[in-house]
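Student: Those protein sequence lines, which keep their order, are chains B and U. This note's numbering numbers the first residue of the first sequence as 8 and each following residue consecutively. This note's numbering numbers the first residue of the second sequence as 233 and each following residue consecutively.
None of these hints come from the bench; they were simulated from the model. Possibly wrong hints are sitting among the right ones.
Calculated pairs, EDC-like style, for lysine to aspartate or glutamate (alpha carbon to alpha carbon, straight line, at most 20 Å) [claimed, not checked]:
hint, chain 1, residue 1, chain 2, residue 2
1, B, 145, U, 252
2, U, 435, B, 21
3, U, 244, U, 344
4, B, 136, U, 300
If you're wondering where the values come from, they're calculated on a predicted model, not measured in any experiment.
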Amino acid sequence: MAIVEAHGLTKAFDGFTAVSGLSLEVAEGEVFGFLGPNGAGKTTTIRMLAGIIAPTSGHAVVAGLRPDLEPENLHQHIGLLTENPGFYNRLSARFNLGFFAGFYSGFDIDHQVEKYLRMMGLWERREDKVGTFSKGMKQRLALVRALLHQPKVLFLDEPTAGLDPEAAHEVRDMIQELSVEGQTVFLSTHNLVEAELLCHRIGVVRTELLALDTPENLRRSLFRRQVVVELENPNPTLVSTIAGLPFVQKIEQAGNQFRLELTDPEVYRPELVKDIVEAGGRIMSVSEERHSLEDIYLSLVREEENSG
Amino acid sequence: MGNKRIINILKKEWHVQSRDLNSILFVTLLPLLIIGQALLIIWLVERFGGEAILANSVFQGAIENLRDALPAVSGLGIEGQLQVFLLSQMNVYLLIIPTMIAISFATFSIVDEKLSGSLEALLATPVRTWELLLSKALAGAIPALLVTWVCALVLILGVVGIGWGQTVNMIVTPSLFLSIFLLTPAVALLSFLLGVIGSSRAKDARSAQNIVLAIIFPVLAIIGLQVSGLIWLTPLLTLGLALGVAVLDVFILRIAVRLFQRESIVVKWH
Ligand SMILES: Nc1ncnc2c1ncn2[C@@H]1O[C@H](COP(=O)(O)OP(=O)(O)OP(=O)(O)O)[C@@H](O)[C@H]1O
Ligand SMILES: [Mg+2]
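For reference, chain U alone in the conformation it holds in the complex (with noise of 0.2 Å):
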């Protein structure tokens, strides 16, 4: 993107992240979190819980699914076929995880900049305000995909480490690479804006937040239920979704600058 203004407010925007060791530590601990856990679910689950899966009507629902999707996991035991079943969920992992960046790094992104004054001064600058809203979530939503995609590779070595090297290769799809490449940073960038919607709409940082988590979770919901195993994510399905979530973001940007009123940006704060 040759946008001048908008590498403008980039290099500034990472130039503050990068001074702020706090949430540095914040953005990559809390993923690796989660991904750990997610490991540690799925070995548990495969220890212990197996058997009852394996008897669960859901879960052979899914496993046919699984099969008519992927014929290659015929070849594999029921056991083989549940690791791969648990491993694909991967996906619902990942594309949380530039989400729940979002809703605590949004939130601060407008209303700050409100607070501090600088608002003003940087809307008397030549920039138009979707350049503004845009690179305000992709200053977020970047860096999150890199977290994300530093995540995909823990997870995928961790993988190998529990010792289901074998399986690996079952996952490591065409649909994996969409979903890592093409649907997360979608749906990265569709969080990240609104959660400068939120914040652009709130007078402080605590309201932003309240905002923020209102808009964000019907997403994490939407996210939730199409990755949830129920659906298998094939190469189509998944660029399909890719692509209505990239249409849904340039609609979103549309609306952030609607709702981006500049009365209530520019009403004195103290």
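Just chain B, with the same shape it has in the complex (with noise of 0.2 Å):
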């Protein structure tokens, strides 16, 4: 069951479009990544599935309210982790948190703020003013303040911006338990590896949806798998031979080196090897090359900026 779904998302400021017709859906329980680059309207399309704009066109539907219609009743069932952590430093996290829990409803405010505090470490500072926190600290507080109400639907934006790698594995490894126990995430990063690690899908956004799909149906669908033969005499008979194939699809040769796109390698490996010695090549290895993500999103991203 879809629980944020995205109908034609549009917002324009004064004319300038940061989001376009973006359409999509989460599933309950789903960790989904958004990934684009600087400028690419995450915080933009996170802050009109929160409710916190409206957008030009289209329209949301999260925890089954509409955002545009109804925000207040939707900020009751979502929790939010802004871009940036936004506490009043000169009071306790204690009493930030308390302030920020009670606007919300059914629940034991002192009861949740303990459980979280102890969760991110942060129990034995809940006196001290907010001011003195690191910006670790600071994020793990503001995931403890998006967290307390329980929510449907966790919104988080660009969770370990800015963080050291320490303090960033803390809270990946937050997120990931809040996953375990089916949690709901939107999150939107431009860390290939984070996404990678975190979500079951990811939307590649830059202003538009560009790709959407698993890690690995990512992968798949946009860079078939390359193998990758090592001959000890390649001549160009030899080569021709190969290229004639009818499973080979593309071939490239950078020395003794021959990276061939086959049009299912599962298949044809083995008939590929046989092949190439019955026609007098001598094979020193074989192997399979896999893209990874990075190299999927920048093509994605490129391919947009040459089309555009």
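With the hints as a guide, dock the two chains, each given alone in a separate frame, to form the complex.
Tutor: Laid out in structure tokens, this is it:
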């Protein structure tokens, strides 16, 4: 069941289109990654989904409610980690949390505050002013704030941006823990490793949605896997024989190495080896090359640049 | 008011205010200075300028209004009537106090939260825009009103101290009570609401202050004209004014909600 739906969401600021015709669905319990470069419209999209700003056209349905029509009711059911943690620096961590929690109804504030502060390792610092906290601590505190009322959907806008590797690691662990508990998470990031690590599905965005799939499928659909064959005795006849094989779609030579694209590597790899040997080729090695998500991402974004 | 979200904001605002010694001093000292000055001017005018004023035609017109509204003053000598007239002007001072405080404090109410980023987190909670704006205005208007009431007390005690005790009971009239307990609160809320509008439209504290000054100044001018002694505030007039300003409060709150554009509030500030 989809708990987040976007139907043609579009946002223009004074004629400048930040997000255009975005449609997607996120299932309950899913961790959805929203991946895109700076200025791609990630924050704008999250703000529209979370009922902070209204779309110029299109609409969304989140937890069964329209963010543009009844934002306050929606807010009861969602948590938002904003791009910038935003606390009252002169007040204690506990006072801050109590204040933000005071807008919701139907849960035991003290109990929830203690549970999540302990979970984030901030319990000992609860009476300290937030102004004395490090960036990583503020980010964890903001995560606590977004979780207190047990939201059905958690929106995280670049949860690890600006954190050192250790702090980022802690936050990611936290998100994974939530994921295991079945929390629906909509996460924006420009960090590929993070998206791949945490997300069940990834939407690549740059004003428009460029692709949307599981990390694995994104790889498969965008790049056919390539087989790399190293020959001891490459010669033109051999090369043209290989290029003429019916299941070979593309061949690139670099010295002794041949990079081949096959219609279906699983089925034709043994066939390929046999045919090369029969044609008098002496094979030194056969391997497969996979592309990282980074290549996919860069190629998507560049493709967009070239066509636009 | 049983609104949990408004109370929540008020509690936080007052918690912050109570820890800010500078602003507490400012909010209490400034009005007392104004009142002290008012007393001084009244005393000086009465002491040294009495003759000239008594001969002035504007004053004579005002005294006629005064006699119509308050027949009892006819029993006093012309000096006594001058005292009562001057004292009746304290309404102006009392009315202006919350507005003065609003200029300096409402200015920061929204812009501070904008700059620190807490505003977006606040907007992600179930709080309604009108609740947010109203509670921001009340958070300033209520303490400002308390300060004003203290000032009213100081003013009356001061007048007794000057030795005008016998005229005080002429001044402590239903009009004064209506003014202090209805008109002043309505004007205080109005000033703070206007301040909150200015603050929510500004990009930083300095421009907020300019916007707030620009919109509060006309209010000050209107108050000044209304109460500058050319109009004697009868109980009915006071009540009417208070109701009028209260209606204006509701209207201004609606405008404030409309002007509160979330798009411009949640842009990146750094
Ligand atoms: N309130 C606003 N008014 C005008 N333009 C805006 C506003 N908010 C965003 N934009 C513009 O819309 C575009 C998308 O911005 P957005 O913040 O959504 O991108 P993002 O993907 O979150 O980027 P980043 O990775 O830098 O956070 C940018 O060009 C930005 O300047
Ligand atoms: Mg962003």
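Student: Compare the structure with each hint and give your call.
Tutor: The hints, checked one at a time:
Of the supplied pair hints, the one linking residue 145 of chain B and residue 252 of chain U is violated, its CA atoms being roughly 23 Å apart against a limit of 20 Å. A hinted pair counts as satisfied when its Cα atoms are at most 20 Å apart, and residue 435 of chain U with residue 21 of chain B qualifies at roughly 18 Å. Taking the CA atoms of residue 244 of chain U and residue 344 of chain U, the gap is near 14 Å; set against the 20 Å cutoff, the hint holds. Restraint check: the Cα-Cα separation between residue 136 of chain B and residue 300 of chain U comes to about 61 Å, which exceeds 20 Å; the hinted pair is violated.
Hint compliance for this structure: hints 1 and 4 are not met, and every other hint is.
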